Amino acid sequence: MIKTAGKQFDPRSQQLYFVAVGPSDLGAAAHVNANILCAVNNMANEKDVETVRGFMSEGRNLLIDSGVFNLSIVHARKHGIHFYEALALAPEHIDGFNDLFDRYVQICRTIGAESWGYIEIDQGGRTNKTKIRTRLEKLGLRPIPVYHPLTDGWDYFDYLAARYDRICYGNVVDSEQDVRLRLVSTAYIRQRKYPHLWIHLLGLTPNELVHSIPVQSCDSSSWAAAVRWGSSDCFALGKQVGDGFDHRMTYKYRKWDGVGERPTGRNPSHLQAMKLSALDAEIICRNWAGFCGRYREALCENK
Amino acid sequence: MKTKAKKIDKLMSVFDEEKVPPSNGHEVEYLPPGSLKPYERNPMKHPPEQIGLIVRSIEQFGFTVPVLCDENNSILAGHGRQLAALQMNLALVPVIHRRGLSEGQKKAYIMADNQIARTADFDFDLVAQELKSLAEDYSDFDLGVIGFADEEVAKFLDPLFGKQAPDTGALLEVLRVSLDDPKHKVEHGQIWEAAGHCVACLDIFTEWEKWISELTPGSMFVPYAGPLVLLTKRAKASRLVIVNPLGHVCGMILDKFVEAGLGKPKLRK
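Chains A and B are the protein sequences, given in the same order. Residues in the first sequence are numbered consecutively from 1, following my numbering. Residues in the second sequence are numbered consecutively from 1, following my numbering.
Only chain A is shown next, with the shape it has when bound in the complex (with noise of 0.2 Å):
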């Protein structure tokens, strides 16, 4: 079996929420926030890789995402297409691909080793993730690989459960509820068979869909999406937040028209939002973590 890399990783740990945004933004989280999620394209210069480190040494687990994702669109935005087909292309096809594979084996090279992990470069569909990931492992790095289950097969599922101790799982969150439920819980019931493997839902936060499955982690930035638009209506942490406040919690939030320099001071009542969100997902994932240790005593009662 293959140990993907990161010494903050304890297999015995379980329900952690990755709060993901960038660096900045990640100063908020990081007084309460147990357990981070960077991307590479976050970490612009050697001072954003700084901070993070930073947030390490304060004793928060770090996950390190690819930053393709973010590629994948700019690139689709520029050529006109879907970020779908975008995400399909192989990576020589992708504009920017090989400075985001410098940059990505340069930051894990720097703090992979002591971080809780990192995600492999999920770009082009299983075949060339593959090549990717043995790219990468060539390299002396061990990436946690990416599934996708609407795309990759069942049987590129038991692929990398029999191979890999924890594997990365995608396709949730731009799926219908209905469908959002049917993959997380077919995740969780294909699971019993490997029961070393780790399963990171990508992009969901923990939520009453999944407070029910007891998968190990998941990662969003929706904890901070409510208090970046001020007044917007969105739904994270299994709840309306933003709007979702009563009408005294809304604020005036001066965002970037795209020209000029983007600001940088930040609206006091914008920061006090953003901790109270990052509060809000700490007490709900440690929330999940009981949910999910009861549901586990409650089984064993029954057995």
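Where hints are given, some of them may not hold.
To be verified - For the chain B half of the interface with chain A, some residues (derived, Cβ under 8 Å), not all of them:
no., residue
1, Leu172
2, Val177
3, Leu179
4, Asp203
5, Tyr224
6, Asn244
7, Pro245
Said to hold, decoys possible - Short, incomplete list of chain A residues facing chain B, as computed with Cβ under 10 Å:
no., residue
8, Ala28
9, His270
10, Ser277
11, Glu282
Calculated directly from the structure, the hints in this document are not laboratory data. Note that this is a predicted model, so its numbers are computed, not measured. Quick reminder that beta carbons are idealized off the backbone N, C-alpha and C, glycines included.
Dock chain B against the given chain A, drawing on the hints supplied.
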């Protein structure tokens, strides 16, 4: 002296015949509401909710503004009041006639009467003060007759209204971010009430018999909620039944409720 004379001339000028609006015989007549003819192409809509509000207003204050009609009893202003009168089965309503308008003037006035009124705006700080005064000094007065929705009235009556603009997020400054032990010491097995919501510190699996009776019609079950759950829209829309086995999480929920100025939770005995 010249200046004073000019001022007097100016004051007197308002009484010039040309500057005094014609009265047009503003005599109030009382006519059956069914005899008044609504304008077929009236662009102003009068949904049933609005008619209901007018009915409540007439019940509370009386028929204070007559319906304005032309010489043929066609309504120029007061379509909503006529519909309310019909709904209330009133025998007679006060009517003022404005005679001599051209068809074009009538067509324009029917819109102008509504549109000009819409250009006025409320001073919302004063609205809040007036509503608070009514609520405190005349507690038996039905604020619903004023025409604001219940949630708007609640917003105006909020102690923080006016002190902190609703779009500055000032409440966010009040709420602390902390994972410390909460001020409310909630013990397992307790059930708390907070503005009608139920916060039950009980197990979902093994103690369901203790909280299931809380799920009355219209209640929403919220297991494993976060600390801000009582500050959300759904807490305003429904009675929440929050069940969480962890005392410190229940304590945080109650803390945030208090910090937001929403009231004082009570431990149910």
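Hint-by-hint comparison with the structure:
1. Contact between Leu172 (chain B) and chain A, as hinted, is supported at the beta carbon level, the nearest pair being about 4 Å apart and thus within 8 Å.
2. For the restraint placing Val177 (chain B) at the interface with chain A, the shortest Cβ-Cβ distance is roughly 4 Å, inside the 8 Å limit, so the hint holds.
3. Hint status for Leu179 (chain B): holds, given a least beta-carbon distance of 6 Å to chain A, under 8 Å.
4. Hint status for Asp203 (chain B): holds, given a least beta-carbon distance of 7 Å to chain A, under 8 Å.
5. About 4 Å separates the beta-carbon of Tyr224 (chain B) from the nearest beta-carbon of chain A, less than 8 Å, and the hint is met.
6. Nearest Cβ of chain A to the Cβ of Asn244 (chain B): about 7 Å, under the 8 Å cut. The hint holds.
7. Checking Pro245 (chain B) against chain A: minimum C-beta separation of about 7 Å stays under 8 Å; hint holds.
8. Interface restraint check: Ala28 (chain A) against chain B, minimum CB-CB distance 9 Å, threshold 10 Å, status holds.
9. For His270 (chain A), the suggested interface contact is upheld, since its CB lies about 7 Å from the closest CB of chain B, less than 10 Å.
10. Here the hint on Ser277 (chain A) is kept, as its CB sits about 8 Å from the closest CB of chain B, short of 10 Å.
11. Annotation: Glu282 (chain A) was flagged as interfacial toward chain B, and the flag holds, the nearest CB pair being 7 Å apart, inside 10 Å.
Of the numbered hints given earlier, the model fails none.
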